[in-house]
Amino acid sequence: MTRRLRNQLLDHLLHGAGMAATLLGLVVLGALLFDIFSDGLGRISWDFLTSFPSRRAENAGIYAALAGTVWVISFTALLAVPLGIGAAIFLEEYAARGGWSRVIEINIANLAGVPSVIYGLLGLGLLVRTLALGRSVIAGAATLALLVLPVVILSSREALRAVSPSLREASYALGATKWQTIWHQVLPVALPGMLTGMILALSRAIGETAPLITIGALTYVPFAPAGIWSPFTVLPIQVFNWVSRPQEAFLENAAAGIIVLLALLLAMNGAAAWLRDRFQQ
Amino acid sequence: MSSSTTAIPSLADVAQQSAESGAADTPTKVDVDALSFFYGEKQALEGVSLSIPANQVTAFIGPSGCGKSTFLRTLNRMNDIIPRTRVVGKVAIDGDDIYAPGTDVVELRRRVGMVFQKSNPFPKSIYENIAYGLRINGMAGARSELDDRVESSLQAAALWDEVSDRLRESALALSGGQQQRLCIARALAVQPEVLLMDEPASALDPIATQRIEELVYQLKSKYTIVIVTHNMQQAARVSDRTAVFWLGKLVEYDKTSQIFTAPSEKLTEDYVTGRFG
Amino acid sequence: MASERRDRIERLIERGLQACAGLSVLVTAGILVVLLVETLQFFREVSPFEFLFGTVWTPLFLQKSFGVLPLVGGTLLVSFIAMSVAGPAGLLTAIYLSEYAPSRVRRVVKPVLEVLAGVPTVVYGYFALLFVTPLLQQLIPGLSGFNALSPGLVMGIMILPMVSSLSEDALHGVPRGLREAAYALGATKMQTTVRVVLPAALSGISAAGILAVSRAIGETMIVTIAAGQQPRLTANPLVPIETMTAYIVQVSLGDTPTGTLAYRTIFAVGMLLFVSTFLLNLVSNWLRERFREEYA
Ligand SMILES: Nc1ncnc2c1ncn2[C@@H]1O[C@H](COP(=O)(O)OP(=O)(O)OP(=O)(O)O)[C@@H](O)[C@H]1O
Ligand SMILES: [Mg+2]
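One line per chain: the protein sequences are A, B and C, in this order.
Its first residue numbered 1, the first sequence is counted upward by one per residue in the working numbering.
Its first residue numbered 1, the second sequence is counted upward by one per residue in the working numbering.
Its first residue numbered 1, the third sequence is counted upward by one per residue in the working numbering.
No lab work stands behind these hints: they were computed from the structure.
Treat the hints with care, since some could be wrong.
[Stated by the list, open to error] Per label pair, the in silico range of CB-to-CB distance:
1) C/Thr-55 <-> A/His-12: 48 to 54 Å
2) A/Leu-26 <-> B/Glu-41: 51 to 57 Å
3) A/Arg-276 <-> B/Asp-104: 37 to 43 Å
4) C/Val-33 <-> B/Pro-83: 33 to 39 Å
5) C/Arg-290 <-> A/Glu-58: 57 to 63 Å
6) A/Glu-58 <-> C/Leu-282: 49 to 55 Å
7) A/Arg-276 <-> B/Gly-274: 45 to 51 Å
8) B/Asp-104 <-> C/Leu-26: 32 to 38 Å
9) A/Leu-26 <-> C/Pro-48: 45 to 51 Å
10) A/Ser-164 <-> B/Gly-138: 22 to 28 Å
11) A/Ala-162 <-> B/Gly-138: 53 to 59 Å
12) C/Gln-138 <-> A/Ala-112: 37 to 43 Å
13) C/Pro-48 <-> B/Gly-102: 57 to 63 Å
Every residue gets a Cβ at the ideal spot worked out from N, C-alpha and C, and that includes glycine.
Between the sequences and the hints, there should be enough to build the whole structure, so can you do that?
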């Protein structure tokens, strides 16, 4: 009897501890959002969005960083999406199981676990120095493209795997070649799933700071990029720059910058969720 | 369109072929010799030999898992896309070995069309479902020509009247029976010579099934048809010849009337009378 | 002839796609080559022994010293703090979500936890420096403005969703039959979970934990912002320290000229970082494969 009681007590204890742990994550998320919004919401204004950084905190704005992020992420997408989808198609539709493709698969899984700052060193050593791309938009975009490539490949493969084999058979049975089948039948069906994966991968890239600092992206850039060879900064680097300053006013700017960054991420994740719901049957 | 074309053998070697096979009343279209098939280690077909006559309906029957689908899919090399499979033996269509090196598999599949058990229309419009095969095979031509071919294919599959006013709508909105006829129309559009059908009516209600059966009957004047079925009556109704499979082997192959009234094998008799299967 | 041309195009396309897939191998090779070249140059001037076992790290000072242990120590200290949050809390969250929570709760909580994983790390850095540290300073009087404790705790929260979702997958992977057998013997949920489900899912859960350690070691911005830039070999979480990742960022922010010894240090440190996370990922993958095989 007492034994049963004790067991029941322990059962409730585990239940309660589990609930508390789950709440911990949620509470911290709430505190984080509250802290940032209470610090930074007051700074959000049209001026803040359209001004260049300044040595005077109250004049400083996020425009250069916002433009830099748009530039860098666009080119990241331009590089990573075709390469990632191409690799995914090869691994999913062409490669025989085992052997070489197994090597590539393990390699991709491992790349997904490499710390992002290491990609920064790769970008620095290979892109910035050896290929002499300099600290440019294109060097930053290429670095981030390599960083998100494993994620893009993995999610594209998942989308391809979800396409019914009967569709492929139907196409082959009409005398379609492999590529015709993939291009006309498989890809259109897999596309929404792929897009969802891409958007999530790119939203990861948007938040990356360390690899871009490592390749030498500037922290103080009073202009928007003029092209792919232009020096640049991005939102998280701008935030980092403001956080590193002692003056209270710059910390407010940092919080406001974070709000802009989070809003951008929210928009992208919303788009991904919308795509998923829209095409999920 | 006249049915008289049915009776006229068009090839020069017809005489020779029918002399060889003797039993066939029309020229042989597909000739299979000692065919074995393996999924990895597992053998699914063992030494199957048979000749399928042109412009007739040949039915494959047998208990589940006996290799009917596998056999059907060796005839257009559809099994090629399954990894680690192996074929031994010979399949000749119009006398040409389709497993010979250098065979154009893509062209073979255009000549030997296929309709699957579960209808699998492309998630596109009705029109695009038909036009796809024409486009990829370079048969599309001008817009009006494409329209004509789409229409004639749908007519041949007895679907035109039901869909002519909604060609641009999604094929997935059609009923099950309509979808299956669309798949038949899609296969007919690329002008195959042989049409392979793997239990085309097994997922359909009796009325839709009847329509498919009528269609099969009409189509045989222009195509050589091979149909897999689980339904004994269906085999009896639509086919001229019937092949009975059992555990990867061909047990008996004869005129359908013969198979159902006076089978020479005990196994066949047991199966067609429903004692097992 | 038409078919020959068609086949040629098909082969060309296949080659192109294969090249895309092969690129991923080149990326790995690129990482290895870049790190190796600079690291070997570095070891021409500094002995590997001094690097790996030295206890003073002052490559940017006049009085140079290249013992990496203070950076390793700082990294381990922060990771340890992070794991003491993420490990237990992540596992308990997983147990709650997979064994106790009604499915309605799970449907709401899981995506919200995912949000935690999607927040950029620079945001966590801000939070650690400007919210958690001041809060902790009120509880712990001796806490300096930069310290290992606050970023460690915040990092723990950041990797919590990863631990919980991978552990939950592992718990889900345990066959229902095992659970039902325990319930049939009159065991409570707690007994079933602790005595049957957890042991069965152990390799999967360990895989999650090890992957989390690897993530903690490689995490950069939280520690760069909130832990300080003072390499020191200490187990005291209340004073400023520096991690391997933060050091790389610190050097990158300055304008250290290419080809100098100081410039090469970041590649040597990067190599150490790469090798250690790579090994951890391998072990984690191996454990996960083993778990999958057990219940395939
Ligand atoms: N892709 C495959 N891989 C391995 N074995 C297979 C595969 N497809 C079929 N088989 C096996 O080959 C044998 C023949 O299968 P097949 O599908 O040809 O039978 P069937 O006569 O069409 O059966 P049913 O009437 O159920 O459709 C079966 O034992 C089956 O398990
Ligand atoms: Mg079958």
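Status of each hint after checking the structure:
no., hint, verdict
1, C/Thr-55 <-> A/His-12: 48 to 54 Å, "holds, 49 Å"
2, A/Leu-26 <-> B/Glu-41: 51 to 57 Å, "holds, 53 Å"
3, A/Arg-276 <-> B/Asp-104: 37 to 43 Å, "holds, 41 Å"
4, C/Val-33 <-> B/Pro-83: 33 to 39 Å, "holds, 35 Å"
5, C/Arg-290 <-> A/Glu-58: 57 to 63 Å, "holds, 58 Å"
6, A/Glu-58 <-> C/Leu-282: 49 to 55 Å, "holds, 51 Å"
7, A/Arg-276 <-> B/Gly-274: 45 to 51 Å, "holds, 49 Å"
8, B/Asp-104 <-> C/Leu-26: 32 to 38 Å, "holds, 36 Å"
9, A/Leu-26 <-> C/Pro-48: 45 to 51 Å, "holds, 47 Å"
10, A/Ser-164 <-> B/Gly-138: 22 to 28 Å, "holds, 27 Å"
11, A/Ala-162 <-> B/Gly-138: 53 to 59 Å, "violated, 31 Å"
12, C/Gln-138 <-> A/Ala-112: 37 to 43 Å, "holds, 40 Å"
13, C/Pro-48 <-> B/Gly-102: 57 to 63 Å, "holds, 60 Å"
Hint 11 from the earlier list is the only one contradicted by this structure; the remaining hints agree with it.
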